[in-house]
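Asks: Residue numbers (my numbering), protein chains in the order written: chain S, 2 to 334; chain P, 14 to 371; chain D, 2 to 281.
Incorrect hints may have been included.
Quick list of in silico lysine to aspartate or glutamate cross-link-like pairs, EDC-like style, CA-CA up to 16 Å [stated by the list, open to error]:
1. D/Lys97 - P/Asp232
2. P/Lys142 - S/Glu294
3. P/Lys163 - S/Glu294
These are calculated hints, taken from the structure and not from any lab test.
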Amino acid sequence: MSPVVLNTIEVILNGLMTGVMYSLVALGFVLIFKASGIFNYAQGVLALFAALTLVGFQTGQVPFAHVINATFGTDYHHWGEGMNTVLAILLTMAVMVLLAWLVERLVLRHLVNQEPIILFMATIGLAFFLEGLGDLMWGANIKVLDVGLPSGGSFWWEDVTRTWAAEGTEYWGMYIDVLDVWAAGIAVVLVVVLTLFSQYTETGRALRAVADDHQAALTVGISLRTIWVVVWSIAGFVALVAGIMWGAKSGVQFSLSLIALKALPVLILGGFTSIPGAIVGGLIIGVGEKLFEFAIGPMIGGATENWFAYVLALFFLMFRPQGLFGERIIERV
Amino acid sequence: MFYREAGDFKTSYVDDQQTFPIRFDRWGVRVLLLVAFLVVPFLINDYWEKSILIPFLVWSLAALGLNILTGYCGLVSLGTGGFMAVGAYASYKIMTAFPEVNIFFVILLSGGVTALVGILFGLPSLRIKGFYLAVATLAAQFFLIWLFNKAPWFYNYSASGQITVPERSVFGIVVTGPEAASWATYLFCLVFVVLFAFVARNLTRGRLGRSWMAIRDMDIAAEIIGVPPLQAKLSAFAVSSFYIGLAGALFFSVYLGAIEPTEAFNIDKSFLVLFMIIIGGLGSIFGSFVGAAFMVLLPVLFKNIMVGGFGWPTDMVQHFIFVLVGGLIMFFLIVEPHGLAQLWRVTKEKLRLWPFPH
Amino acid sequence: MENRVTEEPTPEAAVTERAERSANADVLLDLRNISLSFGGVKALSNISFDILTGEIRAIIGPNGAGKSSMLNVINGFYHPQEGEIWFDGKLRGPMKPYQIARQGIARTFQNIALFRGMSTLDNLMTGRITHMHAGIFWQALWKGRAEREELAHRERVERIIDFLEIQSIRKTPVGRLPYGLQKRVELGRALAADSKLLLLDEPMAGMNIEEKEDMCRFILDVHDQFGTTIALIEHDMSVVMDIADRVVVLDYGKKIGDGYPDEIRSNQDVIDAYLGVAHD
Ligand SMILES: Nc1ncnc2c1ncn2[C@@H]1O[C@H](COP(=O)(O)OP(=O)(O)OP(=O)(O)O)[C@@H](O)[C@H]1O
Ligand SMILES: [Mg+2]
Chain S
2 MSPVVLNTIE VILNGLMTGV MYSLVALGFV LIFKASGIFN YAQGVLALFA
52 ALTLVGFQTG QVPFAHVINA TFGTDYHHWG EGMNTVLAIL LTMAVMVLLA
102 WLVERLVLRH LVNQEPIILF MATIGLAFFL EGLGDLMWGA NIKVLDVGLP
152 SGGSFWWEDV TRTWAAEGTE YWGMYIDVLD VWAAGIAVVL VVVLTLFSQY
202 TETGRALRAV ADDHQAALTV GISLRTIWVV VWSIAGFVAL VAGIMWGAKS
252 GVQFSLSLIA LKALPVLILG GFTSIPGAIV GGLIIGVGEK LFEFAIGPMI
302 GGATENWFAY VLALFFLMFR PQGLFGERII ERV
Chain P
14 MFYREAGDFK TSYVDDQQTF PIRFDRWGVR VLLLVAFLVV PFLINDYWEK
64 SILIPFLVWS LAALGLNILT GYCGLVSLGT GGFMAVGAYA SYKIMTAFPE
114 VNIFFVILLS GGVTALVGIL FGLPSLRIKG FYLAVATLAA QFFLIWLFNK
164 APWFYNYSAS GQITVPERSV FGIVVTGPEA ASWATYLFCL VFVVLFAFVA
214 RNLTRGRLGR SWMAIRDMDI AAEIIGVPPL QAKLSAFAVS SFYIGLAGAL
264 FFSVYLGAIE PTEAFNIDKS FLVLFMIIIG GLGSIFGSFV GAAFMVLLPV
314 LFKNIMVGGF GWPTDMVQHF IFVLVGGLIM FFLIVEPHGL AQLWRVTKEK
364 LRLWPFPH
Chain D
2 MENRVTEEPT PEAAVTERAE RSANADVLLD LRNISLSFGG VKALSNISFD
52 ILTGEIRAII GPNGAGKSSM LNVINGFYHP QEGEIWFDGK LRGPMKPYQI
102 ARQGIARTFQ NIALFRGMST LDNLMTGRIT HMHAGIFWQA LWKGRAEREE
152 LAHRERVERI IDFLEIQSIR KTPVGRLPYG LQKRVELGRA LAADSKLLLL
202 DEPMAGMNIE EKEDMCRFIL DVHDQFGTTI ALIEHDMSVV MDIADRVVVL
252 DYGKKIGDGY PDEIRSNQDV IDAYLGVAHD
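Given only the sequences and the hints, what does the whole structure look like? Please build it.
Replies: If you want it as structure tokens, here you go:
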């Protein structure tokens, strides 16, 4: 194979890996949308918040230390050596559940029957709130998140691919981050677990009932409020997984919440209600933006990843307003 | 009986259709305008100009623009930052290509250019709605900023990639660049704001405004009773972008003087303006001003209290403001979706009845 | 006027009758062989009927018969796969709903479709939108043509407000009004259009007796005072028999009856349809 072909393959592979990350965030969106019809803009910030909290627990940070120190002139930092990763993850999960409960209690409950766009704007408010809160609690500096997953380029893959190059060409093998492969694997496991959960557990079935028909679910006695807490908790869990992956890859920092924005075009492609849609959409966007940057980017100044996903979604909407997997929207009077 | 609308009988529809039908409001606005034009210019100093008054005026224009699109026509846009950038770069290109054109018209023309770009990005609104459209406007935001960064033509091939405003004057009074006096820049912006607030008020209460609101409230019924959706939506995009373009042009040429697009017009600006209209009041001209004032004053206030009072570092105050604003957004959407403007209206109603409730 | 029969006429008779009628300027709207389907669902199959200038024409039929779909076809929201629509003596080409509104067809909706955030006055003013033409420049200044137009139309709308006795809710956002009043405002919005043909989709649904009587009176008054041609969908038979000049009956998307109220009352197909006799 010629190096051009090999490079293209490498770009596609990396695109797929990036796509997995988008899919993970989009997955959280879809879950909440299906169960409550809410377009949760805060999903990306949930991931950031989860990652910040996890690092905080792991390293034994004192919450709000900065605020306390600045106000009272004290000097708190850490309360100890930190804790074991598994425990920290469990505790973070507990925080996410608490958060879900609070969100339902304080916000969602008061917004039932509001128009979707109002709910959407409320979640934008939530996103800002959580972003500020996360920074106040744990500090805004970029943090390293290490949960023990391997990372770095795979030498084995580099060696294998080097042999694919045609004789006499200069080719040094493909670069692929082991962490990305892990992320992809974990994403697959996550989707399988979620599917099993919704198929084989009581709560899962209730969730699906609500997603299918709110009214019917209510009449058979499923409490919508409980469902909302559950589904926001699950979305919190998905956010935690996404936060861990993304944080391990590029540090826990504000830019994490920008992936949330990228998840929006993913959803437009995949539709708001389809889990496979979220995954396929994420992969299309991931591969699409990497390929575009690789092929066209250099000609027009590069950094096209900034907008490619959105413009793709825009064009796509012009032809299929309901998304790739969505049903046709029928309007009646 | 502080505030009266009863006893203010209308004898004809002409009276009822005045800009401010209630006498009290009419006088209030007159006094406000007198103070704004005749008193403030003598009191203004650099601090008030740069941190409060000019930002307030510029953001008011942007909020008016977004409110026309979102509050009146029901189309949510997250592309405000991008459209402001169009206004800014249009003014820069016009100023440098045609130095003889008066800055007043440069700003107007920049609004016009932005209106055209707005129409272009508004085209998808004919087929898509709600948050689908919100996402589509993100394309405008990110693509436009990228374009201004990457295409050297826009910044006249300057080495830094920045654009810097040349000095311009109106009636011989310098209004742009470092030499401009505080009162001059203030009055220059004020003229635009007053003029176009008046225009917005007129547009929103006439045929065009009604067709926007009809589309917002029930688009299918609107079309069936005779509102052309294409015209209504695109005119909303055009007018809205025009205002936002004006704001962008003033933001660059009068307020900052030199900008770099990624910083000046990033997505946070889009959210900022969206928050202004939610807090101030969706679908309210008055609310656009209240929201802009609120979002401009809030950080100033808290910086003073917390940096000055508690000795907090500025970035922490910034995060605190995030929490506060995020909380307020949720609060307003839950408690008073019509924003501060509605709270004001309710207060007026109470005042009218005072001291005899009911 | 010749005596119309409720059974399907023989093909030749139909042709001559049609020819006669199209020649007759009295026909305001003529629907010919309209068929409409959604995927597999045949909402309307091969329906023909006409509406004469100045009459009140009722469209009745059981739930899901296709009545609302018929109105949606008339004002261009649905596009029938087959058939011709003649309005005001001209064959109608493909048109958007708002263009059809401009030609003079106004309507109300089965589920109230008011502009909830706007006041009663603004809702009615929006009803007149097809008559307003001032350009954006004059509107921005609220001067010249724009101001004159606003005033003239305001006066027209005030007449309707007086007529419907809704003066006291002029400035109230309609979302806050009770159901019965909303129905009335919606009628007002349709009246404001000064249309040639007024389509009313169940204007009395969900009302109590008193409200129904009021509504009936308004409809008859409109008809008498302005001579408006009205097509009306209604489930309440007594109302239909009282106010309609002629009635067309739909069932499962087919026309099963067409004629004067007393003919319809005695039509066996219609009776069967309402009693739910099995279809073959
Ligand atoms: N947009 C649409 N898409 C799919 N099917 C439709 C659509 N509109 C109407 N239908 C179907 O067409 C048939 C006729 O509906 P229509 O609303 O015209 O009935 P109707 O006579 O007005 O009934 P009702 O008395 O309940 O108002 C129904 O089976 C309905 O489900
Ligand atoms: Mg119906």
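Asks: Each hint: holds or not?
Replies: Outcome of the hint check:
With a C-alpha separation of about 14 Å, the suggested pairing of D/Lys97 with P/Asp232 holds against the 16 Å cut-off. Restraint check for P/Lys142 and S/Glu294: not satisfied, since their Cα atoms lie roughly 30 Å apart, outside the 16 Å limit. Annotation: proposed proximity of P/Lys163 to S/Glu294 holds, straight-line Cα distance about 14 Å (limit 16 Å).
Going through the hint list in order, the structure does not satisfy hint 2, though it satisfies all others.
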